[in-house]
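Starting from the two chains in their separate frames, assemble the complex, guided by the hints.
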Amino acid sequence: MIDVNKVRADFPFFAATDLAYLDNSATSQNPKCVMDAEWQFYVDSNANPFRGIYELSERATSAYEHGRETVKDFIHAKSTKEIVFTRNASESLNLIAYSFAPMVLEEGDEILVSILEHHSNMLPWRMAAEKAGATVKYLEVDRTGEVSVEMVQKALTPKTKIFAITQVSNIMGRENDIKAFAKLCHDNGTYIVCDGAQSVPHMPVDVQDLDVDFLVFSGHKMLAPMGIGVLYGKEEHLEAMPPFLTGGEMISTVSYDGMTLAELPHKFEAGTVNASGSVALEAAIKYIQSIGFEDIQARETMLCKRMLDGIKNIPHVTVLGSDDPADHHGICTFKIDGVHPHDISAIFADNNVAVRAGHHCAQPLHICLGIPSTTRASVMFYNTEEEVDRFLDILSQIRGAMGYGD
Amino acid sequence: MAINAFYNEILTDHNLHPMHKYNLKDPNLILEGLNPSCGDDIVLQLKMDENGVIVDGSYNGDGCAVSMASADMMLDLVIGKHKDEAKRLADIFVRMIKKEASEEEIEELEEAGSLRDISHMPSRVKCAVLGWHTMEELVDKEPIQNAGEHSGEAVSTE
Chain A
1251 MIDVNKVRAD
1261 FPFFAATDLA
1271 YLDNSATSQN
1281 PKCVMDAEWQ
1291 FYVDSNANPF
1301 RGIYELSERA
1311 TSAYEHGRET
1321 VKDFIHAKST
1331 KEIVFTRNAS
1341 ESLNLIAYSF
1351 APMVLEEGDE
1361 ILVSILEHHS
1371 NMLPWRMAAE
1381 KAGATVKYLE
1391 VDRTGEVSVE
1401 MVQKALTPKT
1411 KIFAITQVSN
1421 IMGRENDIKA
1431 FAKLCHDNGT
1441 YIVCDGAQSV
1451 PHMPVDVQDL
1461 DVDFLVFSGH
1471 KMLAPMGIGV
1481 LYGKEEHLEA
1491 MPPFLTGGEM
1501 ISTVSYDGMT
1511 LAELPHKFEA
1521 GTVNASGSVA
1531 LEAAIKYIQS
1541 IGFEDIQARE
1551 TMLCKRMLDG
1561 IKNIPHVTVL
1571 GSDDPADHHG
1581 ICTFKIDGVH
1591 PHDISAIFAD
1601 NNVAVRAGHH
1611 CAQPLHICLG
1621 IPSTTRASVM
1631 FYNTEEEVDR
1641 FLDILSQIRG
1651 AMGYGD
Chain B
544 MAINAFYNEI
554 LTDHNLHPMH
564 KYNLKDPNLI
574 LEGLNPSCGD
584 DIVLQLKMDE
594 NGVIVDGSYN
604 GDGCAVSMAS
614 ADMMLDLVIG
624 KHKDEAKRLA
634 DIFVRMIKKE
644 ASEEEIEELE
654 EAGSLRDISH
664 MPSRVKCAVL
674 GWHTMEELVD
684 KEPIQNAGEH
694 SGEAVSTE
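Read top to bottom, the protein sequences are chains A and B. Quick note, the first sequence lines up with residues 1251 to 1656 if you use the numbering used here. Quick note, the second sequence lines up with residues 544 to 701 if you use the numbering used here.
Just chain B, with the same shape it has in the complex (with noise of 0.2 Å):
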């Protein structure tokens, strides 16, 4: 019998072959996020200019397809926008998961709005959010040069 799979292409596609999970040469914003609840941990990385905008970005980590597809979807969507701008689609996510966004502002999320159904899996919203909390919380920090390997301080979505 063929199972039922909330998992789509989309996501799947970016779990496996994901764009952004690698180590960024010379980011100078690092922030770990944590969901406690699924164990996922992912380290984000940014390079953002003096005007604000992130110019690049990636991550890399460990944790569930939903948790690691979503980050990179996001990474997809922000990089090349003023911090402004990731924010304000961040915001989109987040009240997409709440069912709270319109079909306008879904389409702005791009492939991201793929990921509109888990609201219906409570369980698995942290997932999806992780990757999103870690840049809203990111890119409010202050760059710094050689910003490293990892920064010590870590955001969770508990």
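Isolated chain A, as found in the complex (with noise of 0.2 Å):
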């Protein structure tokens, strides 16, 4: 079981606030250990990796190198070929969509998104249907957030290529059984596109298990700095793709008019790479391994479940997403009758706890639901029992503030 307050004392950020953190799914806190292997980077291996005969760049281009490993190792991929460094989930859907798309869309053909998906799951896919002549088909749901196994059976038609889908919605927290929806895409000649952002940050995930074509996830969002991100890919697809950026480090030679293109996965990684992100991130992974995902998702159904049932007590306060708290990750998304989220966030910010309010960059699920805008709570490992109370506590009044009678 994690000791709440022994974790704490790993992260200098709780150290220097009283703010009550609950927007962790926008993004995590750093413990040091995190912030000491970027320092340690720049202190004792910075230099351009793969670029100089010098030891000190060799040593770059380790502890690099040895970050792709342990992320190989944590996703269970195949080999560190299909592990591609990004900025962040974002660029890795870009990259994906820019350069597989293309390859495997024919005018006429469909690319099946559900509408739980964040905007950067959705807008690069429109813009590889537009440029293909291929069309964006939403799979809706309902305010259970449920995606089920005959919902996808149903959307795949003998056109789609592409299914879209991510493995735990940002607003739902609700947990998308992939594995079962890879079977029925490839069955049918469709290739599936996983968003693990909220999912690789608090299950264990095994892609090859999943057997998805691509998955991809931030490190900001699982105790690593912002700027470093992934994108793991089958080896084929990767090796079958073009490049998304050129420059440096993408080649092995350049001539006057040709080039040769470096091996995965550099090919995909042009100019100086993000070599302290890869360092930090790994420092990350190690430090969600030191305690474990039992430990982590028990303390977080615990503290959601905490989260559900004081709502269930306060009238006018609906959630969305599952009854299951095990099933939220972390994540409450809600409405109050009356008042508007942006200042339900702000009562709460007034108040000294942070919450997200508005579309969570999933404008078309709101419009999907018919509701203009939510407010989310997402809470992490580190979180406290004593903080989900506070945060009940200011709930319970927002309607009275409001000028509410009841």
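Derived from the structure by calculation, the hints contain no laboratory data. Careful: at least some of the hints might be erroneous.
[Unchecked claim] Stretch by stretch, here's where chain A covers chain B in the computed footprint (C-beta under 8 Å, at least three residues):
id, stretch
1, 551-559
2, 662-671
[As the list claims (entries may be wrong)] Residues from chain B that face chain A, not an exhaustive set, calculated with beta carbons under 8 Å:
id, residue
3, I546
4, N547
5, C581
6, G582
7, D605
8, G606
9, C607
Here the structure is a predicted model, which means the values were calculated and not measured. Cβ coordinates follow ideal geometry from the N, Cα and C atoms, glycine included.
What follows is the structure in structure tokens.
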């Protein structure tokens, strides 16, 4: 079981504030070991990786590649050739939409996108569809956020070439059965692209077991700094794809009018890489592994249960997603009758609690549900019961503060 | 524990029981105002006579309490006034938010003066000024008969 006080002592953030930080789905806090790893890279390993023929540069290369090795093992990829470092999940998705989609899309084809998706798993597909003369079809959900196998089966057509879906919705927190969807897709001749931004930080993810064609995630949502993200792709796809960006480090030779591309994964990593980001992400993964997903999930479920149980006793508050606290993965998105989410989050802010208001980069989902915007509180294993109680106490007083009698 | 709430009674009252939130029967000036940061969206409707006096006004739309209440207070203040006077008051309001207005000026704003504390919350400033900016833009337009439900134009606080 997690000793939360011990865990919080690992995070310099908590020593410097008494803010109840409940916006972890947007970005997470960094433990000191992650900050130290990044700092240490600049102390003793800082040179341009892959470039210099001197020991320091080799040390930088090896630190960067060690991070890739750790990521590979973390998500159970077959080889480091399948791990491309990007800036974030959004960039990873754009890379797939720009480089992979044109290879497989023909005029009249369809891209199936779940309505749960973050804009970054929606807009790149619209661009790709437009370029190819294909169409984007949305797989709609109700307020429970459930996407069943039957729904996917019904939505797939012989024209569906790509299915883009999140493993855990950033609004609902509900987990999708990606493994079952991948099987359906492959039987249908469809590639499946999975957004792991909200799942990889909170649960064990095995890309071989899921059998997805692509999986993306961001470091900053899993205790690492901003600016390092991951694209996993099956080697056969990445091998066949043209480069996304061109320039330094992604070639092996360049002549006056030709070039030979570098081997995977370097083909997709043009320019000087984020070596310290890889090092920091490795430290974050090691930190998460030292705690263990079993304990992380138990604690996040406990905090979610406390939140959802508390909300049940507060009139006029409705939560989106599953009834099961274990299927929220730290995310609690709600609405209060008659109170605009920006007023809700402003009142929370005024009382030292950070929550998120708006459409959470998922505007089409809000349109689909007929809700203009929502408020989201999201916990991580380092949050405390006391923070959840503070949240509930404020929540119970918001309608009163807005002039409602009950 | 009692929570802090900067939403005073004047604000919540204008938000929950607005005087001017409806569609005017025969407006001759209509403009939509948008605040993309909060998603606030108002449609301001005015009726101006040939002398430039705002004889009636209303608004409709969706948004946070600050944007809605501020638009309601604004209409309370400018209905019956000449457009130049309405613009002068909008200027005071915007300067009040920037903490550049005098006490005497703020007094002229009547209930809208209660929004002065918004200046401490930079993220809410755009909500507070939305109705005022929309009005400033709108009063300089040429009035048209049967301005209709919607003019299709929009101003943004961005």
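Against the structure, the hints:
1. 551-559: Held - the stretch 551-559 of chain B has 5 residues with a Cβ nearer than 8 Å to chain A, which meets the minimum of three.
2. 662-671: holds (count 4)
3. I546: With Cβ-Cβ at 5 Å, under 8 Å, it holds.
4. N547: holds (5 Å)
5. C581: holds (5 Å)
6. G582: holds (6 Å)
7. D605: holds (6 Å)
8. G606: Because about 7 Å separates G606 (chain B) from the closest Cβ in chain A, which is inside the 8 Å limit, the hint holds.
9. C607: Since the shortest Cβ distance to chain A is 4 Å, the answer is holds.
Consistency note: the structure conflicts with none of the earlier hints.
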